[in-house]
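Working from the sequences, and respecting the hints, build out all of it.
Take the sequence shown: its position 169, counting from 1, is numbered 169 in the UniProt record's numbering, and each next residue is one higher.
In short, the hints are calculated from the structure, not lab data.
Take these hints with a grain of salt, some might be off.
No farther apart than 25 Å at their CA atoms in a straight line, the calculated lysine-lysine pairs in the DSS-like style are these [what the hints assert, rightly or not]:
#	residue 1	residue 2
1	220	181
2	108	74
3	157	181
4	157	71
5	110	74
6	202	157
7	157	231
8	220	157
9	202	181
10	69	115
11	74	202
12	157	69
13	115	157
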Amino acid sequence: MQLIVENLSVSYGNIRALHGLSFRVDQGEIVTIIGANGAGKSTALRAISRMIPAEPGSRLEFMGENLLKYKTDKVVSRLGISHVPEGRMIFGNLTVAENLSLAAFARKDKAAVAKDEQWVFDLFPRLRERRNQLAGTMSGGEQQMLAVGRAYISGRKIMLLDEPSMGLAPLLMLDMFAALKEINRTGTTILLVEQNARLALKFAMRGYVLENGRLVLEGKAADLLNDPAVKRAYLGA
1 MQLIVENLSV SYGNIRALHG LSFRVDQGEI VTIIGANGAG KSTALRAISR
51 MIPAEPGSRL EFMGENLLKY KTDKVVSRLG ISHVPEGRMI FGNLTVAENL
101 SLAAFARKDK AAVAKDEQWV FDLFPRLRER RNQLAGTMSG GEQQMLAVGR
151 AYISGRKIML LDEPSMGLAP LLMLDMFAAL KEINRTGTTI LLVEQNARLA
201 LKFAMRGYVL ENGRLVLEGK AADLLNDPAV KRAYLGA
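Shown next as structure tokens:
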């Protein structure tokens with residue numbers, strides 16, 4: 001078991017966002033968390049990457065390490081957990097190449113970094129074409145490619161993805177998920193938060209359903225895709 005989340009509770013001031021959330025992600029899996037806006041999906045990812053504090057009694061463990069002992073930068077550089085946040089958060093005033101180089105700031109294996117950069121360019125040929133272009137001048141789809149490529153280079157034992165399909169045209173959306181499948185085939189575990197529940201469940205192996213910060217359903221993705229309650233609430237059926 002690669003990632004263990006137990007009794008995770010998070011509050012924003014007096015508002016409780018997560019109420020004792022528990023789930024697991026095994027090595028090499030693709031797992032998705034679905035739910036309505038405000039269900040706590042993004043909060044769960046931010047807590048795992050240590051961007052926000054978890055409340056006492058929460059347990060976050062990654063490959064035997066207590067995540068609560070780590071700061072955000074060490075979660076990436078020492079543990080290999082990368083986070084592609086909602087909104088991409090790329091450096092718009094830097095070029096594609098500079099964004100990718102910054103992602104490897106903590107890595108000492110320069111030859112391996114160069115190899116990984118070439119792999120990212122092979123996965124996303126548009127990034128190679130635009131390697132000297134300012135990232136902020138690219139399309140939303142290209143920026144999402146850069147955000148994923150940057151995460152791959154920075155730390156890729158597990159990749160946390162928050163709404164990777166947001167703002168993408170349908171064809172680009174499918175291309176993005178095909179690229180994520182390829183990343184998973186290299187050995188990277190993927191934990192995905194996605195508003196497009198149908199797409200997420202077709203992509204993932206297992207899934208968890210959140211409502212108001214609580215886990216209400218879990219199972220194999222194919223089973224959730226055919227669950228009547230999930231269909232009514234999230235699949236428009």
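Consistency of the hints with the structure:
1. 220 with 181: holds, 17 Å
2. 108 with 74: Holds, at about 15 Å.
3. 157 with 181: Answer holds: residue 157 to residue 181 is near 14 Å, not above 25 Å.
4. 157 with 71: holds, 17 Å
5. 110 with 74: holds, 19 Å
6. 202 with 157: Roughly 22 Å separates the two Cα atoms, so the pair holds.
7. 157 with 231: violated, 32 Å
8. 220 with 157: holds, 22 Å
9. 202 with 181: Satisfied, since the Cα-Cα distance of roughly 12 Å is no more than 25 Å.
10. 69 with 115: Status violated; Cα separation ~31 Å.
11. 74 with 202: Violated, because 33 Å separates the two Cα atoms, which is more than 25 Å.
12. 157 with 69: The given pair, whose Cα atoms are some 18 Å apart, holds under the 25 Å limit.
13. 115 with 157: holds, 17 Å
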